[in-house]
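Can you make the complete structure from the sequences, with help from the hints?
2 protein chains.
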Amino acid sequence: MQAEIVTIGDEILIGQIVDTNSAYIATALNNIGIDVYQITSVQDERQHILESLHQASGRSQIVILTGGLGPTKDDITKQTFCDYFEDTLIENQAVVDKIHDLFETHVKRKPLPANLTQALVPTKATVLDNSFGTAPGMWMERDGTVFISLPGVPYEMKALMEEQVLPRLQKKYKRPFIYHRTLLTYGAGESQIAHRIEAWEEALPSYIKLAYLPSLGRVRLRLSAKGDNKQQVIDTVEAQINNLLPMLEDIFVGFEEEGSLAQTIGGILTDRGQSLSLAESCTGGRIALTFVSNAGSSLFFKGGVTPYATHMKVSLLGVSKEIIETHSVVSEAVAEQMALKVKKLFNTDYAISTTGNAGPSLGDSDAEVGIVYIGIASPAGVLVERHQFGKNREKVIQRTANKALELLRKEILKN
Amino acid sequence: MQAEIVTIGDEILIGQIVDTNSAYIATALNNIGIDVYQITSVQDERQHILESLHQASGRSQIVILTGGLGPTKDDITKQTFCDYFEDTLIENQAVVDKIHDLFETHVKRKPLPANLTQALVPTKATVLDNSFGTAPGMWMERDGTVFISLPGVPYEMKALMEEQVLPRLQKKYKRPFIYHRTLLTYGAGESQIAHRIEAWEEALPSYIKLAYLPSLGRVRLRLSAKGDNKQQVIDTVEAQINNLLPMLEDIFVGFEEEGSLAQTIGGILTDRGQSLSLAESCTGGRIALTFVSNAGSSLFFKGGVTPYATHMKVSLLGVSKEIIETHSVVSEAVAEQMALKVKKLFNTDYAISTTGNAGPSLGDSDAEVGIVYIGIASPAGVLVERHQFGKNREKVIQRTANKALELLRKEILKN
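Line by line, the protein sequences give chains A and B. Heads up, the first sequence is in my numbering, so the first residue is 1 and it goes up one at a time. Heads up, the second sequence is in my numbering, so the first residue is 1 and it goes up one at a time.
Do not take every clue at face value.
Treat identical chains as interchangeable: a pair holds within one or across any two.
Distance condition first, Cα-Cα at most 30 Å in a straight line; then the derived DSBU-like pairs of lysine-lysine [what the hints assert, rightly or not]: (1) K171 - K124; (2) K321 - K344; (3) K108 - K391; (4) K209 - K158; (5) K391 - K98.
None of these hints come from the bench; they were simulated from the model. Keep in mind the model is a prediction, meaning the values are calculated, not measured.
See the structure below:
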């Protein structure tokens with residue numbers, strides 16, 4: 001059994017927004033054992049939407065649409081969806097009540113006529129309650145295919161998936177168990193890894209799929225398998241991973257399913273009752289945000305400083321002015337001082353510092369674009385690494401953050 | 001004339017990665033007057049790739065594929081692409097030389113056999129040089145359709161688009177001019193805006209398309225038109241915008257094409273020779289990153305502090321301990337002090353502070369999850385707003401950042 005996702009909206013086709021809804025829906029379906037065969041993004045155009053529904057239903061038993069359900073004139077999904085089933089729209093009283101209630105409670109004014117058109121639904125549709133908005137979800141069945149239309153606003157779509165769609169799909173279909181395990185590695189390229197594990201990969205049974213997912217200084221290795229016997233699927237994959245891990249010992253940092261590297265680090269520090277602070281210059285708040293995005297971060301993350309202007313490195317952190325003048329602000333000596341000073345200032349066990357030139361032009365130092373120094377202060381001392389991360393500003397910031405976490409983890413495990 | 005994008009990779013279909021390549025390619029094509037009709041994401045599966053190529057070429061004259069060109073066994077795009085044209089692979093000497101060169105210069109070791117398989121290309125393909133990687137792009141033509149295969153690694157794909165694909169498409173096709181203008185508004189919902197501009201929207205000529213793009217506290221309004229006469233297209237859209245703007249005066253903050261709100265703010269501050277600092281508690285480094293991501297930010301952004309632990313608000317920023325004890329750390333009084341203190345510490349003209357509970361559980365204060373105080377210190381004084389931004393941690397962080405920029409802009413324009 002398989003599903004397809006159809007996302008509707010010109011904003012996707014002109015590249016104005018990135019389609020994040022599909023990744024969320026695909027993950028959610030995968031978690032309950034439903035494969036996604038294809039994702040199709042189409043314009044807000046009647047004939048194109050009708051065709052994509054027709055084609056998707058010819059391939060898959062579940063078709064999930066998102067987008068185009070808003071109250072404004074550019075939103076045509078509902079009428080088109082209705083026409084596809086040769087149905088007509090009628091007002092649904094439960095949705096009318098919901099809209100009045102939402103407006104009274106949150107918006108503090110009466111709904112506009114446009115808001116009330118949200119209560120129109122095809123007569124044959126099962127209405128799916130939207131906890132966070134006025135556009136209901138809709139569920140239709142025809143010739144053995146289920147069609148589900150959801151709003152494109154991500155948090156409304158997510159609530160509808162969790163509260164309405166997934167429970168109904170779980171009830172309706174018998175599904176296999178799908179198991180993914182993703183190894184996070186830092187510090188080696190994909191072909192190096194492929195070469196290293198070649199014999200193991202050759203011997204991998206065909207029902208286990210292996211994928212290499214490289215990005216900015218790290219490679220993720222994903223093993224996937226499915227079957228009706230959950231325990232057997234898990235055991236088979238885990239047995240393969242047990243054979244694989246010794247070959248990756250120096251570059252393996254954890255499993256993605258157990259959280260990102262930031263979560264892994266947070267877990268270790270919290271367990272040990274240790275703490276972390278940051279002095280981020282060229283990364284702005286990138287590393288802080290990586291930690292703060294996870295719940296529970298206040299248990300180990302004490303905060304940081306972003307002394308973006310050079311003189312703030314002196315006045316706020318206490319980096320020596322002479323060292324900056326002698327070595328330049330982008331230097332090993334400055335990264336070392338930043339890490340040590342912020343560690344002391346926040347009284348933490350570990351600290352990360354970054355100083356570099358993310359480009360596109362030379363800054364307060366003569367360091368070429370892409371040069372970054374990363375400092376890691378630990379109870380044992382301080383180390384600094386120099387890297388050249390290229391000419392793209394965003395990439396320099398992200399690669400610096402990735403490398404800093406990789407180095408921090410290594411230091412933590414040494415202590 | 002229109003194009004389609006086919007992205008290849010199981011990682012997209014299981015939701016492990018978000019497909020950002022398509023948005024980039026769609027924007028790039030749009031900029032040179034090529035519409036994208038459909039984006040299709042398919043699995044690393046031979047038959048499925050062949051079908052999607054067949055279908056796309058039946059609808060569109062340009063088909064751009066990304067992904068599946070890596071050196072590892074899960075990458076099957078090249079062989080499938082070659083089979084689609086009933087062609088065979090031969091070694092391309094220029095690519096072989098390039099691979100050796102890349103390895104000598106950057107990797108400091110000899111390429112592995114797997115790396116050298118990257119030099120195999122279909123005999124009929126025009127090879128497109130990849131500046132940043134070993135997998136070349138490929139250009140094939142058949143029955144009036146151009147097929148272009150690019151690697152999925154974003155920066156390799158982008159360089160190939162800019163250096164090879166776009167110049168060739170511009171040379172090959174006569175294209176209309178496509179014009180988009182996107183108004184950024186903060187503080188009103190999409191149906192409120194639609195109601196307000198109803199008469200204007202009704203009278204909009206059919207060749208200008210209007211789209212509402214709502215997200216977390218802001219709505220973007222996009223006007224699109226295309227035609228052969230560039231100046232006429234621009235003039236028509238701009239005339240409509242001139243009629244529209246007076247209706248949106250209180251919520252309009254700028255045009256997306258002229259940069260994000262952070263860029264707009266940066267531009268004003270830089271022009272005025274004024275500066276900004278940040279004291280971000282609940283937003284971690286989210287706001288700092290918004291500024292630091294743009295080149296030239298060091299001209300106005302002096303840096304910030306993330307006093308995540310409560311006691312750091314006292315020791316680092318100098319917020320009064322009594323005020324925290326009396327009012328709680330998530331309070332108007334603390335937000336006010338944080339903004340004033342960081343402004344003084346960094347000696348800037350403006351400062352933003354955030355303190356709140358992003359959830360999921362109660363933190364160092366009794367403030368319910370989602371409550372955030374945002375402070376804006378300016379040469380004229382300080383203001384603080386209280387908001388309830390819901391229960392989702394990431395959403396609370398992003399909405400706080402959006403609202404803070406909105407408030408800062410208003411304060412800057414008052415002074």
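**Report entry** Within, between, both or neither: K321, K344 at alpha-carbon 30 Å
**Finding:** Cα proximity of K321 and K344: in one copy and across copies (18 Å, 21 Å).
Query raised in the report: At most 30 Å between C-alpha atoms: does K108 with K391 qualify within a copy, between copies, both, or neither?
Result: between (50 Å within a copy, 20 Å between copies)
Report task. Indicate which option fits the pair K391, K98 if close means a Cα-Cα distance not exceeding 30 Å: within, between, both or neither. Result -> between (52 Å within a copy, 20 Å between copies)
Query raised in the report: Is it within a copy, between copies, both, or neither that the alpha carbon of K171 lies no farther than 30 Å from that of K124?
Result: Within one copy only: 20 Å inside a chain, 51 Å across chains, cut-off 30 Å.
Requested in this report: Classify it for me, K209 with K158: is the Cα-Cα distance of at most 30 Å met within a copy, between copies, both or neither?
Outcome: Cα proximity of K209 and K158: in one copy and across copies (28 Å, 28 Å).
Hint violations for this structure: none, all hints satisfied.
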